[in-house]
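Q: Now for the letters of each chain:
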Amino acid sequence: MGPIRGFRKRKKTEKKPEENASGSGSSEKEGPVDWWDEFFKRINAGIQSPSSGLDKFESIFKISRKTFDYICSLVKEDMMAKSAHFVFSNGKPLSLCDQVAVALRRLSSGDSLVTIGDLFGLNHSTVSQVTWRFVESMEERGLHHLQWPSTEAEMTDVKSKFERIRGFPNCCGVIDTTHITMCLPASDPTSHLWLDHEKNHSMVVQAIVDPDMKFRDIVTGWPGKMKDWLVFQSSTFYKLCDQGERLNGKKVELSKGTEIREYIIGDSGYPLLPYLVIPYEGKDLSDSKAEFNRRHSATRVVAQRALARLKDMWRIIQGVMWRPDKHRLPRIILVCCLLHNIIIDMEDEVQDSMSLSHNHDSGYHQQICGTADINGANLRDKLALYLSGRMPP
Amino acid sequence: MLCSVPAGKSGSNWLDRLRSNKGFPTGDDDLDLDHFLTQNPSPSSSDSPHSIPPDAQGGGVLINRSEISRRTAAQDKEWYGIMSNVLSELFYMGGSDESSKLSGKKIPRKQTKPKLCVVSTRNNNSSNSNTSVIEVKKSSVFVQKGENAPVATASLNSDSNSLVETKAGNVGGGVVDVDGNEDEDEEEEEEEEEEKGERELKGYSRSEVTVIDTSCGLWKSEKLVFRRKNAWKVREKKGKLRSFGRKKRKGNDNGVVVVVGGKKKAKVLASEEDNGDQCTTPSSNERNNLKNDSGEEVCKAATNNLDTAKEEVSKDLRKRFIFSRSPRKIRKGGSAVVLIKGIPADKKNISKLSNNIAKGTYRQPKV
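So the protein sequences, as listed, match chains A and B. Per UniProt numbering, the first sequence starts with residue 1, numbered consecutively. Per UniProt numbering, the second sequence starts with residue 1, numbered consecutively.
Some clues are possibly wrong.
[Stated by the list, open to error] Below, simulated DSS-like cross-link-like pairs (lysine-lysine); rule was C-alpha separation at most 25 Å, straight line:
1. A:LYS161 x B:LYS223
2. A:LYS251 x A:LYS382
3. A:LYS76 x B:LYS229
4. B:LYS223 x A:LYS239
5. A:LYS66 x B:LYS223
6. A:LYS76 x A:LYS161
7. A:LYS199 x B:LYS223
8. A:LYS161 x A:LYS225
Please keep in mind that the hints were generated in silico from the structure rather than gathered at the bench.
Build the full structure now, drawing on both the sequences and the hints.
A: Right under this line is the structure:
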């Protein structure tokens, strides 16, 4: 019943047929269909002309109904506890689906609380509370969707997929960093901490991504002023690797007497380590090194695409956030990453229609770490030789 | 200029008027000013460089004390003496609410050069198992280590330089290791090794961040970030995870208050004021205690322990005394400062206290 003036402008035509199509598409579950039908009517109430922007389930929530239902089942227990006080403006209580819908809409659209409230017929504070409850629940219940490969079979799968991309053998992941930009008050003396090298206030998100664009390791919450390698060096992943407790799996024999360990790859913003391979620096590189860099760069695209999709899908973290709570923001980022992974795990068909942009940090220049470990250099040279086909048999 | 005293209540002495104004019984009860002044001398006030107006010093303390004592049994009196002595070492005990209002200045709540003391709670086999024994580990002045017989631990010594560290292992574990990175070159370095935990952090700006690290068992943690130019130091903030949720907020009262205090101290640290308030760590974790070098180390260590002591003392006081406080103050009441000064009976004081609390509390942001 809320004023949906903004959406009326976006109207085109033919709402009804699409609505029916979407309803019948998931008709195997009676209850949810009813919820969607009612929900759909509610958010489109008072609108004469149909809306092309909000006529499909996927267009509102950016996920399929199947994934939506799965997410509902994940958070059901938490969201339904004491939910009676969440009510629509007309006094009706919010169902589980309503709550998940509100939260997903908030995270995926990045619209303001008021806009979402108007769309759903809710007070904006209810939108905030419901979303936060969802975030709290998801970070607990959905964390198993974001884990380092735990079984050997899983890791073997990751490695073989990486090798299929550009031939990197025994590669376990791609590391990359993106920034969630914020607008912070200049008067706050702590704001300068968040001022990054591009003069934006930002929070760093470090991700290690697998070839399916799934996040396998996330570190976030650090202020933008921290350089990429500092964030990496303060991560648990780094510690585990240093202690030999991660990337300590099977070695691969490239040729007789030459074997390489497990490793990840990253850009020049990271140090060259025995388990982290970065590109060669410099201009006049040999052919093998240049070839190595080309393949390296092409393989790293999975991480760039994953981060670009993360921001594109969950627009609450896209663009400049207005004075966010810096203790809550990392948790919101984590939940967006979890949702990103859930879509992949559910093999949601919405992925197919997503663009494959890899521009996730526009305006940010490549950082150069510049430190190199001798064992890392050896590993990189071996890989370069191997990838250029010059490794002796 | 206690102008809030109603005119109709004249005729009695100022103490009675003040008491009646604050809602306490007046006149001929069993307690009087002399009783308190003789039993509970407050030595530190005379040493203090910040002198408190005598009239202001009288009021709040006396009222509070009389209230406390009125409610406690005689056996608690010696306990009270200890507590008040310890507290007066740590804080200005003056009821400075009104004077500070009038002068427009806020008198610092902490002593500028507090003594080092560690209050530990231990269970005795004797009757009062909950009694906390004040155990002073590191002061040339503090003496007490008795199991059952609490001894007043007043100290008249306000010169921190005279304090000698006798137990290097505990608080002074990382005494003044002057950091090799003192002249920070362009090599960025981040220190996470906690064995090197006690570092030179003077001049570093301090911030709290919530970090998500999915490879860590505790994937959500709160960290302290110290930064000076390109030098970063990170400290864990164990056991003090900021509570957001409704569920988690329960039973974490002290944590909230400590966090609040930490923020205030961070500002002081940043401005490099070199007094006793400077180096403080809001965590009770010993390893998190941050030290400064030179002769101030003991002083700093002392302040490090203030939070610990503050919490312990306030806990103990809370157990033993029933204060007439509003539920809100109880919820926030991890601080001994609130306990001592926070018995306002008039609306002005209540609102002032509430404001102070509100300033420190975290603003609930939009999701």
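Q: Give a verdict on every hint.
A: Structure-based check of each hint:
no.	hint	verdict
1	A:LYS161 x B:LYS223	violated (36 Å)
2	A:LYS251 x A:LYS382	holds (13 Å)
3	A:LYS76 x B:LYS229	violated (47 Å)
4	B:LYS223 x A:LYS239	holds (16 Å)
5	A:LYS66 x B:LYS223	violated (38 Å)
6	A:LYS76 x A:LYS161	violated (35 Å)
7	A:LYS199 x B:LYS223	holds (24 Å)
8	A:LYS161 x A:LYS225	violated (34 Å)
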